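K.L.:
With the hints as constraints, model all of the structure from the sequences given.
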Amino acid sequence: MSAIQYIKDIYNAVKSLLIGMKQTGYYFTHHKEIITQNYPEEKQQLAERFRGEVVLTHDSNNEHKCTGCTACELACPNGTIKIVTKFELTPEGKKKKAIDKFVYHLELCTMCNLCIVACPTDAIKMDQAFEHSVFDRSQLTKVLNKPGSKIMEGVE
Amino acid sequence: MWSLGNIAHSIDVWLNQTFSPALALLIEFVIVGTMAISLFAVLGLVLVFMERKVSAYMQIRVGPNRVGPKGMFQTFADTIKLLLKEGLTPTGSDKFLFNLAPVIAIISAMLLLAPIAFAKDFQMWDLNIGVLYVSAISSVAVISILMAGWSSNNKYSLLGAMRSGAQIVSYELSAGLSILAIIVLVGSLKMTDIVASQETGWWLFKGHIPALIAFVIFIIAATAETNRAPFDLAEAESELTAGFHTEYSGMRFALFFLAEYVNIFIVCAIGATLFLGGWMPFHIGQWTAFNHVMDFIPSSLWFFGKTFFLIFLIMWFRWTFPRLRVDQLLNLEWKYLLPISMFNLLLATAIAILGWHF
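Chains as they are written, first to last, in the working numbering: chain A, 1 to 156; chain B, 1 to 358.
Because the hints were derived from the structure by calculation, they are not lab data. It should be emphasised that the depicted structure is a prediction, and the values quoted were computed from it without experimental measurement. Keep in mind that the hints are not guaranteed to be accurate.
Pairwise CB distance ranges, derived in the manner of DEER restraints [what the hints assert, rightly or not]:
| # | chain 1 | residue 1 | chain 2 | residue 2 | range |
| --- | --- | --- | --- | --- | --- |
| 1 | A | Ala129 | B | Arg66 | 22 to 30 Å |
| 2 | A | Ala129 | B | Phe76 | 52 to 60 Å |
| 3 | B | Ile27 | A | Pro40 | 35 to 43 Å |
| 4 | A | Tyr26 | B | Trp287 | 32 to 40 Å |
Note that beta-carbon positions come from the ideal geometry of N, C-alpha and C, so glycine has one too.
P.N.:
What follows is the structure, encoded as structure tokens:
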């Protein structure tokens, strides 16, 4: 190692270290742009394709579009959805199949979106809620249809 | 005028009037000891908070912001957590050495406080070999690290401790030589003499190039001696989990942590005393009017301002530079810093003999 190379090495080392310090010094003195969020108060804008959980959409009259066809239950790869059906009497006196309980096991769900694709009436969709932590595992088994809800008029 | 030196002097006079000299001395010991321990506690709280905030700002984060206004009481919460935690002693460890190591770390840090001049006439012990005392005692810290690594009976601890031993032993050389450059210019090892010699200007400016080179080398060596990034091979959390204090928990871990931060403060205080004039206000040569204005700022503020500036500089290094490899670390010391500081000492001696400094 020649003497010139030695001095050159020192010069280059000091220079590159100073470049790094200039960058962090800039960040230190320009404390406006923050790349993190104060989580519970300000939440990140999630991407549109983010999937948090399956929900059964209800309109303002507490009506949903689920016919109880069990296409989602059949499409689900790991038995997340269990549909319990019942028979309701229509005003004409006919028996009609309707859902009693739309049971959804969140703890088994992999958010694969196959149930939403399978649904013929677009009754279910993916929601963006992601704060699912609970103290008891049984709370993750949810009934998606609200109590007293009915099927929407005209949906077969 | 109010100053720490005057308060200390009046307390001393009052104690000697009220009690017998021996009792007065004993009471002063107790007061000084209490102040040293409370300074430790305050430094631990302030420096940890400062480190977390500085690192957050440099990484475009917010940092601690939950406990108290702007997260100011975060370190209090952390301390309470550490106090309440169980202090485990591993089964295969050497229990006596394992429990002794953190105590030695903290005692060696505490001994270093003695010769530091915190303000004008405000010093525990103005011994005539002040700087030599500091460089001697600071080497004791390596014993506690080796002791902790050996007694833990853990491969990571041992590796960290051995690395730290090699590192501290080699970097002490260039730290000592850079201190020597200033000692040569001053002509005394006594802290008060070193500060008094900077009345017409700090050595960083008065000593021309040798003082500047010595300052840079001292800062690098100080960072290495306190085991901080980019020289934190002894801890190296990505390779050795936590290095020499892997097995420590609870209050014993807190003692190591405290000793680290107190050591940073002390090293920076020494650096401020040697290169930036200690408690001496910013004076320029014979400009009496300017010097007089600067004298109105209390000397303790000058001392703590300079020390915290150097601490900030070391924190800036930590959050900018990546960690060195072991061979790079030793290359840097033995091939670059040591030859340069030896040459620098020669240059400083020439300047001192020829009287070229201001």
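K.L.:
Determine for every hint whether it applies to the structure shown.
P.N.:
Outcome of the hint check:
no. : hint                           : result
1   : Ala129/A x Arg66/B: 22 to 30 Å : holds (24 Å)
2   : Ala129/A x Phe76/B: 52 to 60 Å : violated (35 Å)
3   : Ile27/B x Pro40/A: 35 to 43 Å  : violated (52 Å)
4   : Tyr26/A x Trp287/B: 32 to 40 Å : holds (34 Å)
Checked against the numbered hints given earlier, this structure breaks hints 2, 3; the rest are met.
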